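Asker: Next come the chains, spelled out residue by residue.
There are 2 protein chains.
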Amino acid sequence: MNIVFIGSGNVATHMAMALKNAGSNIIQIYSRTYLHAQVLASKVNAEPVSNLNNLNREADLYIFSLNDDILPSFIKMMPNTTGIWAHTAGSVPMSLFEERLDIGGYGVIYPLQTLSKERDLDFSKISLFIEGEISETENKLLSVAKTISDDVKLLDSESRKYLHLAAVFANNFANHMFTLANEVLSERGVAFDALRPLIAETAAKVLEMEPKKAQTGPAIRLDEKVINKHLELIKDDKIKEIYTILSESINRYST
Amino acid sequence: MNIVFIGSGNVATHMAMALKNAGSNIIQIYSRTYLHAQVLASKVNAEPVSNLNNLNREADLYIFSLNDDILPSFIKMMPNTTGIWAHTAGSVPMSLFEERLDIGGYGVIYPLQTLSKERDLDFSKISLFIEGEISETENKLLSVAKTISDDVKLLDSESRKYLHLAAVFANNFANHMFTLANEVLSERGVAFDALRPLIAETAAKVLEMEPKKAQTGPAIRLDEKVINKHLELIKDDKIKEIYTILSESINRYST
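Chains A and B supply the protein sequences, listed in that same order. So the number in the numbering used here is just where the residue sits in the first sequence, counting from 1, plus 109. So the number in the numbering used here is just where the residue sits in the second sequence, counting from 1, plus 109.
Isolated chain A (complex conformation):
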């Protein structure tokens, strides 16, 4: 399969490398910044492109992995091609492609993961959520997706939006709690390492339990004495506000 990537960020990088390893042919990497295109292109033996006029128009699949902000304008600017167009965005409906009736099918390959360029990740463990405008496209995207992931499912645009929002809580905000924990520790010069076994167990618990049942700590126990001591200890007003709001929220879901 011949594949062109539009975009060269974290998602494009991990997905392009996984597809190449699975035997697909990544023929071009497009980025507005030629240097960015080059970095990824060199990893997957593709041609870097920064001018849409130079885009190969006969690939089997064009994967758009761009910020939601610029995706709509890119789809308008794209030259006609054969092949399927698919984006990787959680919160963009598949219908964004509808206006381009000149293309060979369209859909979505949404990877539900937190991808950092610095971290190697076994792509086969990443859940991929697929949608296609007709079942023929859907089946093609499913079979490509299955070459790189063990966990491939169909999901419509509306549900994908909710899943993406939930992922912001489950990953982005949870990770930010680890950042704030680290801030608190560095006030006293305690190394973040002390928390790592706790963090491992925090995740391990909800792999088996409902998160509500896994909740522990002063807020769920209504232990105001501890809560007040903690608020006294926090110097930063914004972190104090977060502590208060989240403690109240835990309480709200405690019944």
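Calculated from the structure, these hints are not laboratory results. You may find that some hints are simply not true.
Since the list gives no way to pick one copy over another, a pair counts as held whenever it fits inside one copy or between any two copies.
Below, computed lysine-lysine pairings styled on DSS-like, alpha-carbon distance capped at 27 angstroms [to be verified]: (1) Lys234 x Lys152; (2) Lys129 x Lys234; (3) Lys226 x Lys338; (4) Lys334 x Lys226; (5) Lys152 x Lys255; (6) Lys262 x Lys334; (7) Lys152 x Lys322; (8) Lys129 x Lys344; (9) Lys334 x Lys185; (10) Lys344 x Lys322; (11) Lys338 x Lys185; (12) Lys226 x Lys322; (13) Lys262 x Lys234; (14) Lys344 x Lys185; (15) Lys349 x Lys226; (16) Lys152 x Lys226; (17) Lys321 x Lys349; (18) Lys321 x Lys347; (19) Lys321 x Lys234; (20) Lys322 x Lys334; (21) Lys334 x Lys321; (22) Lys344 x Lys321; (23) Lys338 x Lys262; (24) Lys185 x Lys321; (25) Lys226 x Lys321; (26) Lys334 x Lys344; (27) Lys347 x Lys334.
Computed from a predicted structure; not experimentally measured.
Using the hints, position chain B against chain A.
Answerer: Okay, now just chain B, sitting in the frame of chain A:
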């Protein structure tokens, strides 16, 4: 070693069982509610007690595992004993015991974990942080702690306070993010299972990386289009407020 537990909650339950398995003799479990004392006592072959007058006064170690709110009044009420008194609280200084000069030494055994009665946990993987009023006590507590955990360290009362506060962020608040993610998914009838691989990776990342470097998502990318879509999707005003405040906070630590 003969041990009495004052309290029968999650921490007391897991610690008493670990100590019994490691060969210690748990002689009594005290709880104000006799039934609660009985439940744990039956698990560790101890005598349940709900009247302080019946407390055995010749144990080697008394472990106080009570809410911070009631711990000070209990220490006042306790009869004289031989043996060491130790509490398990993160935010209570060791000096709480100072007023009782009639006892045989005092200190702290602080387990940094999230303990739920419903979940079996390998106690040997729990970090225990120890403090004693003199090195003789400290050494006794260290050696007891090492019978049940592979990760035992000394930590003073002031650092312990910060560690406890950081643990609220790293565990309690992170877990609450999983609860809110579940709330969001249930709006659309999507099962929480879809998020579990993401949560596993969220923790796995910060076991190796600094949490700031592990941060991904719309807030760190300043992707306002996604942020606004998410805010539109959230019906509940309090969850909306949490989304906004945490996105701002991620941004603040992004530089």
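Asker: So, for every hint listed, does it hold in this structure?
Answerer: Taking the hints in turn, this is what the structure says about them:
{"no.": "1", "hint": "Lys234 x Lys152", "verdict": "within (21 angstroms within a copy, 40 angstroms between copies)"}
{"no.": "2", "hint": "Lys129 x Lys234", "verdict": "within (17 angstroms within a copy, 40 angstroms between copies)"}
{"no.": "3", "hint": "Lys226 x Lys338", "verdict": "between (39 angstroms within a copy, 26 angstroms between copies)"}
{"no.": "4", "hint": "Lys334 x Lys226", "verdict": "between (43 angstroms within a copy, 23 angstroms between copies)"}
{"no.": "5", "hint": "Lys152 x Lys255", "verdict": "within (22 angstroms within a copy, 49 angstroms between copies)"}
{"no.": "6", "hint": "Lys262 x Lys334", "verdict": "between (47 angstroms within a copy, 26 angstroms between copies)"}
{"no.": "7", "hint": "Lys152 x Lys322", "verdict": "between (44 angstroms within a copy, 22 angstroms between copies)"}
{"no.": "8", "hint": "Lys129 x Lys344", "verdict": "neither (50 angstroms within a copy, 42 angstroms between copies)"}
{"no.": "9", "hint": "Lys334 x Lys185", "verdict": "between (59 angstroms within a copy, 18 angstroms between copies)"}
{"no.": "10", "hint": "Lys344 x Lys322", "verdict": "between (31 angstroms within a copy, 24 angstroms between copies)"}
{"no.": "11", "hint": "Lys338 x Lys185", "verdict": "between (56 angstroms within a copy, 21 angstroms between copies)"}
{"no.": "12", "hint": "Lys226 x Lys322", "verdict": "between (34 angstroms within a copy, 10 angstroms between copies)"}
{"no.": "13", "hint": "Lys262 x Lys234", "verdict": "within (13 angstroms within a copy, 36 angstroms between copies)"}
{"no.": "14", "hint": "Lys344 x Lys185", "verdict": "neither (50 angstroms within a copy, 32 angstroms between copies)"}
{"no.": "15", "hint": "Lys349 x Lys226", "verdict": "neither (32 angstroms within a copy, 30 angstroms between copies)"}
{"no.": "16", "hint": "Lys152 x Lys226", "verdict": "within (12 angstroms within a copy, 49 angstroms between copies)"}
{"no.": "17", "hint": "Lys321 x Lys349", "verdict": "both (23 angstroms within a copy, 19 angstroms between copies)"}
{"no.": "18", "hint": "Lys321 x Lys347", "verdict": "both (26 angstroms within a copy, 17 angstroms between copies)"}
{"no.": "19", "hint": "Lys321 x Lys234", "verdict": "both (26 angstroms within a copy, 23 angstroms between copies)"}
{"no.": "20", "hint": "Lys322 x Lys334", "verdict": "within (23 angstroms within a copy, 34 angstroms between copies)"}
{"no.": "21", "hint": "Lys334 x Lys321", "verdict": "within (23 angstroms within a copy, 30 angstroms between copies)"}
{"no.": "22", "hint": "Lys344 x Lys321", "verdict": "between (29 angstroms within a copy, 20 angstroms between copies)"}
{"no.": "23", "hint": "Lys338 x Lys262", "verdict": "between (47 angstroms within a copy, 23 angstroms between copies)"}
{"no.": "24", "hint": "Lys185 x Lys321", "verdict": "neither (45 angstroms within a copy, 36 angstroms between copies)"}
{"no.": "25", "hint": "Lys226 x Lys321", "verdict": "between (32 angstroms within a copy, 14 angstroms between copies)"}
{"no.": "26", "hint": "Lys334 x Lys344", "verdict": "within (18 angstroms within a copy, 33 angstroms between copies)"}
{"no.": "27", "hint": "Lys347 x Lys334", "verdict": "both (21 angstroms within a copy, 24 angstroms between copies)"}
The earlier numbered hints that this structure contradicts are 8, 14, 15, 24.
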